[in-house]
Every structure is written in C-alpha cells, then in structure tokens.
Amino acid sequence: MRQKLIHKKEKATKRLLKSSGAAEMASNEMDVSLADLLFNPHLGKEAWMNGIKAHSKELISTLLSENYEQEFDAYLKSNFSDLNKSAETKNALKNSSILQVDERAFLQEFLQLAVLIEHSTIPPYLTAMYSVKEGANGMAVNIIRSVVIEEMLHMIMVCNVLNAINIVPSVNKPQNYPTYPMKLPLNVDFYVGLEKFSSNSIATFIAIESPSSQTVKAPEFPEPEMESTALLKRKTVQESDGLWTSNNLNEFLTKNVSTIGEFYDVLFFFLVIFQCLEYYRENGKLPTSFEEINTGGLFTGDPKLQLGSEHYYGSGGKLYKVEDLRGVMQVFEEIKGQGEGVDDSIFDVDRSQFEEGAELAHYFRFKEIFHERFYVEGNYEAFTDENGRMPVITPPTGIEMKVDWDAVYPMKANVKMADYASNPLLYAQGKAFNQTYKKLLDAIQAAVEGKQEVLAESVMYMYALKEQAIELMRQPLTAQENAGPTFEYPTN
Amino acid sequence: MKNQETKKKDVIIVGTGIAGALVAKTLSDHVYHLKKKKMVHRASVGEKDSIQEIEILMLEAGLEAGVMLDSARSFETYEEYVQTFYSEEAKVPNSPYPNLRQAPSPDVLDIRQINPPFPDKTGYLVQYGPMPFASDAIRVGGGTTMHWLGTTPRMLPNDFRLKSEYNVAMDWPIEYNTLKPYYEMAENEIGVSGNVDEQEYPGIKNIHRYYGKGYNFPMEKVPQSYMDEKISAGLKGASVKLGNETIPLYFVPSPQGRNSTPNADYDRSGVIAAEKNKDGYQLSFADSNDASFRVEGAVWDPYQGERCEGNASCVPICPVQAKYNALKTLKKAVYKRDSKGYLRKTKSVEIEAQSVVYKLSVSKDNPELITKLHLRRYESEDKTNFEEIVKDTSDSIVVLAANAFENPKILLNSPYTVIENGVEVKRTVANRSDQVGRNLMDHMVMLTWGLFPEPIYSYRGPGSTTNISSFRDGDFRSDFSSWISPLDNWGWSWPAFSPGSDIAEFIGQGMFGKELREALTSRLTRQVLFHFEIEQLPNADNRVTISNEYLDIMGIPRPIVHYDIQEYEKKGMEQAKLVSDQMFEKLGIEDFTSYKSSDNNTFVYNNVRYSFNGAGHIVGTHRMGHDATDSVTNSYCKAWDHQNLYVVGAGSMTTLGTSNPTLTLAALTIRSVESMLNDLDAQFNSEKK
Amino acid sequence: MIIANIENVDDFYYDVFISISAASVGFEVNDLISTGLGETYYKHILNSVEEATFLEFLNTSKDILESSHSETQLNIAISENLIAHAGMKELLDKVITLWYLGTWDGFYVTTNAYTQGLAWKVMSAHPPGAKQPGFKSWNVKPV
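Chains as they are written, first to last, in my numbering: chain A, 1 to 492; chain B, 1 to 689; chain C, 1 to 143.
Think of the hints as simulated: they come from the structure by calculation, not from any bench.
One or more of the hints may lead you astray.
[As the list claims (entries may be wrong)] Quick list of simulated restraints, FRET-style, between CB atoms:
#1 Pro453(B) to Gln435(A): 21 to 27 Å
#2 Gly214(B) to Ile399(A): 45 to 51 Å
#3 Pro453(B) to Ser70(C): 33 to 39 Å
#4 Asp395(B) to Pro391(A): 46 to 52 Å
#5 Glu89(B) to Asn47(C): 50 to 56 Å
#6 Gln480(A) to Ala233(B): 38 to 44 Å
#7 Lys94(C) to Leu109(B): 22 to 28 Å
#8 Ala421(A) to Lys94(C): 55 to 61 Å
[Said to hold, decoys possible] In the PhoX-like style, the derived pairs of lysine-lysine whose C-alpha atoms are separated by at most 20 Å in a straight line are:
#9 Lys136(C) to Lys514(B)
#10 Lys230(B) to Lys89(C)
#11 Lys89(C) to Lys439(A)
#12 Lys136(C) to Lys451(A)
#13 Lys514(B) to Lys94(C)
#14 Lys466(A) to Lys89(C)
#15 Lys89(C) to Lys514(B)
#16 Lys136(C) to Lys439(A)
#17 Lys241(B) to Lys514(B)
#18 Lys230(B) to Lys94(C)
All C-beta atoms in this analysis are idealised placements derived from N, C-alpha and C, irrespective of residue type, glycine included.
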C-alpha cells in the first residue's frame, strides 16, 4: 500500500492539427498540437521541445484518471481521428521524417539512460550507508537500505521494459558504470557523489528523489573532473536531419526535465508515440484506442526473460513483468511512486499511512533522516489546507529519530583506485571490492539475459560488498581521511 | 490497594508471549455482530453493520519498551537487545534481554549442581533438585519466542497415546487428528518453512495423510546447510543398531518458523475465522480466491527479514526478525488494517506492561468464578517501588499465558476455602486434581561432538536445518525414551565454548602466527555437533511449588523446583549415545565428546557418565486431561474448576513427545479460542437481551 | 621486516604494535586495520598493564621486527624473545586472544570487539548475529 502522491491535474485544451506550412511555431508550449509535434516538417527545435514537454504532461495526466483507458482513447481520437480522415494529411504522414527514426535505437538509448540513472543512485546510497559506524544510526541505515533495494528493483524493472521491446539490457559493461561525482542527465544543479553519511549527502539524496529541485537546498560538491561521464556523449542513434535525434533528446532532458519522475513521463510519452507510429506502419492509419497500441508494435520481446516478484524481496514495491504498454505503465508508476517525482504533488496527510515507515516514498524517508524526526505521530495541522493536504516540503514533526552525524568513518569523497596506487595492500583491497561489485552486476546481467536463478547469488554479493566496503572505510588514507569503496570498473 | 475503574474488559490475558499473543490476535480478529447476535470475523463485517468489539487487556511483566510495537520504538528497543547481545561475554539465550529484578527470569548461567537437601538459590528458581532444572525462559514482551530456535515439527500420532500404545505415562484427551487443523493454523501464524515431501518419520507410512492431502507449508524449506549435506551424504542409506533392531537413518529438513521463499502451492488464506455451528464456534481458514502467503518481516519494517539472512544467531536473537517471534502476532492483535488497508492501532486491545500478576481470587459465593486478579506494577527498570492493583474479573475471561513456571506459580499462590460436606477445605485455584505445578518436563539435550575428516564449515546458517527423525517413535518407547536428533550448525560453541576454547588451547601450546592460524582453520571448519533431545515422561514429583520463604524483590513467591530424571530417560540417553558412536564411526568423525563429573547435569548409568543440557522446553505444569481428577484443564485449556479461567501455554501439554513444543502449544492455544468464543457469545448475548 | 606506518596515528609504538600483532596472529597489517579497532586495543592495553611491561613488549617487538629479514627469522625471533620469556608470553597470548576474540581477561573491550574477532574469519564464517552473509549462503561452500 502506498500513498497516492500523484494528483490529477486540469487537462489542457485539445488542439487539432494546425494548417500546415506555418513557419516556426510560437514558443507557447500548448500551441503545438500532437499532430504538429509528430508530423510537421516545419516545426522548430524550441517548439519541438515545448511540444514534448506539454504533451508528455498531458498524456500522463490522462493516465492518472480512474478509467484511464477511456480517457486515453479520447485523447488519441481527438488528436488522430481527423488525420485519418483527410486524404491530404494521410499523404503528409506517409512522407513524414519521423517515420525514418530508428525507434528501437532511440528507445535503447533512452532506457539505458534510465538504467544509468537508477544505477547512479545505488553506489552513493550504499556508500553513505556503509560509512555509518556499527551500532549507530540504526534507523537511518534501515531507511537507506530499504531505498537502495528499491533502486535495484527499479533498475531491474527498466531491464524488463528493455526486454519487452526486444533489446538486450546492459548493466555490467564499463559504460554502465556511473563516474562520480556526476550530474544526473537532467536539468538539475547538484552533483551526486560517493560521500560518507552526513547531512550534506542526505540533502543530496533528498534532491535526487525530489519532486522539485528548487525546494531542496543543494549541497556543495566539488566541481567534477570530467563532464558527467559518457552520458551525453554516447550515441547509439544514427543522427538524422529531423528533430528526433539523440542530441535533441539529451538537450531536452537537461533543459526541461528536472526530476526523475518527469524523466519517466517523457520516456513513456516517447514509447506511446513510437507505438502509434508502429501501428501506423502496420495499418496505414493512426490508432484511436489504447487497445490498439497496448500490444504488438515494439513489444516483440520474449516473455520468458521477464523477472517477476518471486525474485524480489527486502523492500516495498513489486517487481512487475512487462509484456505490453500497460506493463510499462505499471513499472513507471512503481518507480515514480517510490521515488517520488511529479512536480507540485501534495502529500496526503493521513497518519495511518505513516504507521509502517517503510511505506513512505524515498523523498520522505530521506527527509526523516535529515530532520532527525519521523513523520509518524507528527501534527501537520499548520501545514494542511482545507482539502487535508500539505506541501511535500513539510518537514516531519513526529517522534524523534536518533541520528549521530559523527558516528561515521571519515571516508574521502569520491575516492578512486588511483588514490590507492602507492599502497599495494590497500589497492588489492579496493580492487577486491570492485570485483565483488562487478560480480553483483554480472549476476543481474545474467538474470536479465534469462538465467534468472543467478539473481539469488547477487544477494550474497550484496552482503559481501558491505563487509568489504566497511573494511576499506577503516583504512586510513591520510591523517584525516579514510579509504572507501570506489565502485569503478575493475581493470587488470 | 487500588481498584482500577476502567472500561470493562471482556478478556484479560496474562503474558504477551506466543500463547497470549495468539489468544489476543485470534479473538480480536472477531467482533460481536449485533444483528446476527454472534461473533464474526472482522473481514466479513459490512460498513453499515453494527458491531461490538471484544475488549481485551493484556498484562506483561516485562518492560514497557518491550511491547511498543510502532516501527520507530520497536526498532529502537530491538537494537538495544542486539547491542547487549554483542557486548555480553556469555551469549546465553537470555543475554540480549533485560534481566529484571522486578520480574526475574530463570537463566542458564544460574544453574549449579545441587547438594540435597539444600536447595540452590543462585538464580530466580529455587532448585531443590536433586537434578537442577536446566532450562531458561525470559519475561519480556514477546516472551521466550524472542530466543527460541524456531524448529517446528508437529507431534506424532503416537505421542498423544503413550499409555495405550506403550503403557507409559498418560494419553492426551485429544488425538493428533483433532489437532491437525490447528497445526495448520499455527504453521500459518508462525510462518513455517518446510517441504512436506521430504518429511519422513517412523511409523508414518504416508506422509501426505499425516500432514493432510495436498498440504504444503507456507514457505519453501529453509536451505539446508553445507554441513548437513556432507553428513547426510556420508550416511546415505545407512542404518544403525538399536538393541536388536536395525533402524534406518532419516535425514529430514526441519520445518521451522523462519522466513524463506513463499510457497507458490500454498493454498490457505491468511484469515482464520470462526463459524458458529450447533456445537459452538469452530475456527478454520476462510475461503479466499487469492490464497497466498504473505511473508512477515520485522515488526519495525515488514520488508526487513523477509528471508533468513544467515545471521546464525537464532538463539538468542535474530537481528532482522526473519525468525518468528510473538511480537509479530502481538502487532497483529494491536494493529488492524482499515478498509483502505492501512494499519491502525485498535483501542480494543490494550497492553499494560511492568505488571506482574501474582494472584487470583474467587468469589466467596461461587468459587467457580474468578473475581479478582492481583498485580504489582513497578515504576521503571531502575525502581522497585510498585503500585498494588486489583482488577475485577467477575465479568471477564481470565487467560493465564505466562509460561509453565509462572502459570502454576500464580495458581498456587491463589488460595481459597470451600465448605464441602460441611467441612472447610483449603484449595488453590484450578487445583482440585493436585496437578498444578506437577509433571514438569523438558527435553534432556545430550550433545556429542567431534571433528569431521574434511572442512564442513559449520558456524553458518540457522541453528539447525536438518534432523534425524528415526528415533522419534518405536516399540522401544515402552522401555526407554524416544528422541529427535537435530544436526547443529554452530560447531562446538554450545558444549565446548568454541572458538574461545580452541584459541586458548592452541596458544597454550605456544602456537602463534601462521601456524596458529592454520591450526584454528583446520579445527574450526571441521567441528560437528550432534544433538539428542530425549523425551522426558511426566512425573508427579517433578514439580513447581511456592513458599513464603522464597520471595522475589516485589514480595512475590519464586518458583521452587523439584526435579530429577528416571531410569526411562537415562536408558534413552545411553541408547542415543550408542547411536551417536555408530554414526561417528561411519562418518570417520574424531570424537571429542567429554562428560565431566563437574557438569551441572550429569549422572552415571551402567558405569558410563552422561551429561545433558536443557532444551528450553518447559512443559506440563498445568496439563490438560480427561477429567477434573487427572488434570488442570480440559482439552480447550479451560480450567476444570472455574467458569472463567483458561491456562494456556506449553504447560498444557500432557506429554512431551519429541517435537519442539512451541508449534504444538500454538495449535492448542488457537483451539482454546473456540471455547473462549463460546463463553463470550453467551456473555454478549445475555448482556444484549 | 617493515614496520608499517599507519597514516592516521602519529605514534611509532602503535606501528610496532600493529606489525607485531600481524606477525603473531598470522594476518596482514591491513586485516588488522580493517577491524577498525587497532587504536582501541592499543589504548586498552596501555590502560590495563604496567606501562613498563608494555614498553618492554613493544621495544622487544621493535627489535624483533627490525632484526628479522624473512618470515622464518621473524618466527624464530618471536619464539626466542617473546614466547620463551614468561612475562612477555603472557602479554603476547592476551594480545593474540584480543585480536581473535575481542576479549581481554574474558571481557569484550568494546561492543564491536565481538563482531571484529579474527576467529570468525579463519573459520570462513562470521560472528553470529552480525555480518550476515544472506539467504542461502550457508547452503554452499564458502568462497
């Protein structure tokens, strides 16, 4: 049972396809109709971006309705029915450049980005957790632990989506490794790094899981040594002249998407669009109902590759299998709900929801640590409006959580194997950790490639990892700072 | 003295261990339906139905913190237990938990040899012996399930009829088959992992008939240890001589209350509901379309401990609560899911802690009615001053669920007088049979240990994952004890205090550096421990009494224990040792077993010395039986002598059998709730008229 | 033998203590530092035994380490200068016990001392109740 964090928004007014030939569209985002966005050859980049922003939001709000399928059908009909009728537009569609886009390659890049985003949170969370000295901060450690397990769940679920559309997921290659400190490939102004448990690192975690980056104080990080990894540079998509390029996608994400929740909204929007195009290719017309695009099209993956709940335990949430668009929706809802990341969402104040602390979204769990207080048993009257809702930024006012910010190993932030070069024993210790981490990723990789039984092994690596990390954190590096896990790809 | 004027309680339960928690949880899952005029399960109540809650009060002698069940507080308390466990030098079962002066507990560290006629008074128990009673228990929220091992075999059919089958002891008032449905409910509530197909017991030809056709445990079996597999492989198909008989060795994965992968074939719903029929209330699993087992993790976080994590410290404490403890049931008693599925604290189940119940009183006019319950409530862990409190129980059902020492202690401390045939007769509550406190039993644990020829890497996994079930039943039971043999995964830590003793031994020999390390590696990776739990028969002279001479700091009598073992059990131990020797030889195990005259529980039989430990299976002191002359309660744990008194727990067991008693006591307790519902039904209906 | 310089403690005798400990328990210096308890143990001994005794132990150990150029030499030196010397052996035994079990005179030096005992490592296991290896781990041979 999770609280509903997402509230339905007023739906934007529908627009029909504007007469073609209009030059650069106005920058007012709602001026771009869905049809224009997809098929108008004269659409400018800015309008394209605004269009995606507006339509992904609109699509998502459609899905939040109780009877989303009917709403979705209406949405498709209002956008596509006219196009299907007129011979002129039919012709225009046939020649549209969007049909040249390599959808799978495009989605592969997008989904692997999602894998990387999920992955990139895991080492920082683990590092903070491991840095806590034994016997201290038990509740905080529990909270981080529960979040980490859910992040792994998210990563595996994104792999399920990749498998559903018949793309082999990748989690254990060098390019799947986050490099710290890194910036999430979104419009955010903070860096994520491998840091010891501190109010600073917890503030970063709050920011990562944040519904809105402005409301959370950005912690201070050193300037990154390199532009956040290979994220923006890796290109699997053949560049074409159209707007639907990987460059434009990355630009869009870094300019317009400021939360992980929004990221998944846009990802889902792209998936829907491509499903519509697949439908068009097959049937010569655009779809007008959810059922028409729910299955088929891109969903050609082997269902046997899907990992289900029988392989998952240790935290809240479910491991959903994905065989169709509906399955993707479940996955993204799960990820967003646990996160949480839809802007202007409101926390539904109901004490009983807090009864089981584990049920809170990550954002709120981290806030509990930061404020050294639980939500449970708090009084939120002062923050609550007439509808019984309170802003997400409301701090917990419940019973105290004992947090000892000093009971922490003084690990050097974002430590690298290179830091251990002069100490062979320490170097070996650091490398052993990275090899265990690689084994963990290998086990996940094998599981998503069909050897599902191997996932059980990853459990043992997880526990081994913890002990190896803590032992590293006890090794002095300098007079002030200690070593720690580097989470680098192990090389020889 | 103070009479507390609070809301009338329908049921007052003394103790929050597994028995008390099961009564509270099962009862509080039911409500009185005003229109239907009967008790119904909450889940079947419509939104517009008028209902009345069953008001329940639970009394716990342990600290308040121990019964705080919300996530934050329960975690904090439990963390303290774990940290205490780390820092205690002697990591005995009671070591993690508060050792209270106001509610003392029997502790294995207090056990001494006894020199009769002088009792040993070291610990809470006043031990007259001649053999010290060797087991402990703990008075804390959740009771002794906090440190039970978690092994949950059912009793065998013949265990219920020792008199008719083997002409020893006494038959139970019920058969195995009577208890079978309640075993299923207990296995559901505890969350038992196991594999029915792999169970094999002497005298059971069809295991699926024994467990019930198509029955599965809620979770798949807990993986057996690497050591178990080495040992069973070494003895595959082997038999041993027992007297003139040749007995095949069955290595059985032990069913246990420890989380594992949920069994996809498990088809019972999680709802145990009472139906009223012509014979009264009957509990059964409610029909459900989506019957599946929901693994219960820790009390503070349902997702922690969803699987056993291999902490290998089940006794004394599972750090992640993957092992069942009664706090899980207690939480389900106190928190109910509302229509949205959120957990809400119910007002109808209250727990008052730091409340030591020590006496009951009966009505002068009607001695069958328990009218008062007396308790002393101490202020804090540090302070021993207390408040004297009397609860009126005239309109309540009283359920004693305080364990097999405390239950008889309270009963024996509750005197009353009746006029019988014009003569004044002194009685104590529930004791017309004079069986209260008698028939104290425990499994006598004989340990044998040695070195396996190759590393088997003990010290890993739950305490025990496999047992040898071959000697649980057989014709020999007319002559000597049956036993069960768990393989223990914890090396020699129990009998020899390894690894400390090994280190002391080797450095004593002048070893250091690599040589020392290698010697330790070789020794510690090869340690095997075999374990024989010998059945003890009921004996009226093995008993708990009280005396005004021996009081605790609150002025409450301490249990006085008289205890000894008989020829029957001694011979059983001799036979078990002969079996152990044969297994050692077949496996090439180098024997390191040694029994010393200085051991606390030791005896010489046929010129051979044997020593044993307690199993923590404290049983029999308020046994159920056929009538008011041979037992304290009927088979529903209701006192023969009183209309509103139940006595539940392992003390109810008529005989011990060879199974760890918790599962059986849980099944008996759940069954007793049917009778309580009948009583409540009558009470509610008469009030409503 | 090299007396390893431990970065965060500015005390040569501490370095000697760690190095002689490593040689006596048969582990690497890093294994001992990995327990996180080196300083705690060192301070505990300082407070528990006569300063002169501990100093003698450390000075002897320093000589042993500096004069040994192979493991064989080191072992012989420990045997001759510590083991053979009753007072020194008593202290050495306590030091070895401390690293293996975390106890000094039968008591844990700190709460963590129990979980950091080397005994659990040599048996390829873990201290009961801590450093748990995860579901099913006990079913396979340790790696």
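**Message:** Between the alpha carbons of Lys89(C) and Lys439(A), is the straight-line distance 20 Å or under?
**Reply:** Between Lys89(C) and Lys439(A) the Cα gap is close to 44 Å, so the pair fails against 20 Å, i.e. violated.
**Request:** Look at the Cβ atoms of Lys94(C) and Leu109(B) and judge whether their distance stays inside 22 to 28 Å.
**Result:** With a Cβ separation near 24 Å, Lys94(C) and Leu109(B) satisfy 22 to 28 Å, so the hint holds.
**Prompt:** Okay, Ala421(A) versus Lys94(C) on CB: inside 55 to 61 Å?
**Reply:** violated, 37 Å
**Request:** Compare the distance between the alpha carbons of Lys466(A) and Lys89(C) with 20 Å, and conclude whether the hinted pair is satisfied.
**Result:** violated, 36 Å
**Prompt:** Does the Cβ pair Pro453(B), Gln435(A) satisfy 21 to 27 Å?
**Reply:** Given a distance of about 33 Å, which is not inside 21 to 27 Å, the answer is violated.
**Message:** Just to be careful, I want the Cα atoms of Lys136(C) and Lys439(A) compared with a cutoff of 20 Å; is the pair within it?
**Reply:** Between Lys136(C) and Lys439(A) the Cα gap is close to 17 Å, so the pair holds against 20 Å.
**Request:** For Glu89(B) and Asn47(C), compare the CB-CB distance with the range 50 to 56 Å and indicate the outcome.
**Result:** Violated, since Glu89(B) and Asn47(C) (Cβ atoms, about 19 Å apart) do not stay within the stated range.
**Request:** Below or equal to 20 Å on CA atoms is what counts here, so check Lys136(C) against Lys451(A).
**Result:** holds, 18 Å
**Message:** Given the hinted pair Lys136(C) and Lys514(B), is their Cα-Cα distance within 20 Å?
**Reply:** Given pair Lys136(C), Lys514(B) is violated - Cα atoms ~31 Å apart, limit 20 Å.
**Request:** Check the following: the C-beta atoms of Asp395(B) and Pro391(A) are separated by a distance inside 46 to 52 Å.
**Result:** holds, 50 Å
**Item:** Consistency of beta-carbon spacing, Ile399(A) to Gly214(B), with hint 45 to 51 Å
**Value:** holds, 47 Å
**Asked** Are the Cα positions of Lys241(B) and Lys514(B) separated by 20 Å at most?
**Response** violated, 44 Å
Going down the numbered hints, you'll see the structure goes against 1, 5, 6, 8, 9, 10, 11, 14, 17, 18, while the others check out.
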